[in-house]
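Enquirer: The chain contents come next:
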Amino acid sequence: MERSEQARRWICELLRVPPEPERPGEPVDVWPIVDRALTAVHAASLDPFSEPALALRLEPGDE
Amino acid sequence: MSEPHTLSLSEASERIHKGQLSVTELVRSALTRIEQVEPQVLAWARTDPAGAVTQAERLDRALREGRDLGPLHGIPIGVKDIYYTAGVETAAGSKVMAGFVPDYDATVVTRLHAAGAIVLGKTHTTEFAMLDPAPTRNPWGLGHTPGGSSSGSAAAVAAGMCLGSVGSQTAGSILRPAAFCGVVGLKPTYGRVSRYGIVPVAWSLDHAGPLARTVRDVALLLEAMAGPDPHDSTAVGRPLPPLVAALTSSPRSLTAGVPDRYFTEGLDPAVASAFQDGLKVLEGIGIRVREARLPESFEAGVEAGRLIMHAEGAAVHLDWYRTRARDYRPKVRALIEAGLLIPAVSYLRAQQVRAGAIAAMRELFTEIDVLVTPTTQVPAPAGLGSTGDPIFNAPFSTFGLPALSVPMGFTPSGLPLGLQLVGRPFDEATVLQAGAAYEAATDWHRRRPPL
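Residue numbers (the working numbering), protein chains in the order written: chain A, 1 to 63; chain B, 1 to 451.
These are computed hints drawn from the structure, not numbers from a lab.
Where hints are given, some of them may not hold.
Label pairs and their in silico Cβ distance ranges [said to hold, decoys possible]:
#1 B:39 to A:29: 29 to 39 Å
#2 A:35 to B:443: 44 to 54 Å
#3 A:31 to B:238: 53 to 63 Å
#4 A:15 to B:231: 24 to 34 Å
All values reported here derive from a predicted model rather than from experimental measurement.
By construction, the Cβ of each residue, glycine as well, lies at the ideal position given by its N, Cα and C atoms.
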């Protein structure tokens, strides 16, 4: 079994999701889209200390 | 007098306030129109004619008694079926949520009710506002997609079944259907409108926004929808300037930027030609048009948005997916399955890349006031198996920038096209100002589908 397939099965087991649910309808492969996005994101030059576009907003009194 | 359902929201509002049209007449006209054309268009997941008439009578009484709720008083609207509506099923176009009846309204719905709007019903969405299509047909060509995911919200307005509607956008789900259906759509700045009570697609990308027949109409709807919300920490208290007043300002001091790349790729000849005509219109009304060099980080930012949508979408659906994988349609299922495999480090890096691209886009807007592009590469594709590609809209969902689509013309076969105007964060006013000036110089928005 390929390593990527092993990884997929491991993640599915970890998350307790069915690795191969029945697939009514046309199977759709979005992995090429994600693969391209992953490649682009990891190829982008970047300050590794830069803040991601995520924000935690605390109101006064929450601290 | 023309049938009330053919009026724009602003025109109907003016007549109601002048006593020339009752709310009940307007609502009955919209309901009759639904009876006539809904069997062809299939824009509605469910409607509530009796409830709408009861509300209309109540709002007519209120006006007689001097209680005027403002410009939306008595305006019939549609609400995308991912917005929670108290006591009314909210299925999000899915088997998974079928039969779910919320016990509260989404904040946007609460605000629209308070502003006097009448919800005629829930409009069809693609499954979970993602990719698997709704049954809705395009009123301009019934064999064509209306776009998605706010398919029913756009088609219902285009077909004259309501005077305005609300949709949502994570990639291109307000602007694309607006363009394909020949109506106006506005995706506000991220944080301008609360998403509380709206079924999420991807938290950091989701936007709520209005659709209607004119720029003024969407401005009126946004004025009612916007504002901070203690239930949604992303909905900030940034003051909303008077949008309708901004529409009458001269656009002569504005500079529009035409992107040097990305938006030039894959254009249908009819779109390319209409876009060039649109640029001439902008110049004709005094807007300075120049090339805008997109930042180098633009494309990586767009790809980051795709990754974020898959990862967050998978997280949204993980619990249901564990037990109900078979109840998801193929495209959503594929998105979830792919999203589950994205490493956390990659997701965070995508958010870092996104932040960099947003900063670079801010720089671009120091040189221009609005960015102008076609809303879509192509007109509404034939067939109902896909809702088309959000490639020209998704960047501005990822960057959180306000974006407007206004009708830009038609193909030789009569399908509508859209012009997209994008602005600085929280500067919906300038985007709407430019859009209103363009609209006033054209008549595309006055055309109605041949139903």
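Enquirer: Look at each hint and say if it fits the structure.
Expert: Hints and how they fare:
no.	hint	result
1	B:39 to A:29: 29 to 39 Å	holds, 36 Å
2	A:35 to B:443: 44 to 54 Å	holds, 46 Å
3	A:31 to B:238: 53 to 63 Å	violated, 39 Å
4	A:15 to B:231: 24 to 34 Å	holds, 29 Å
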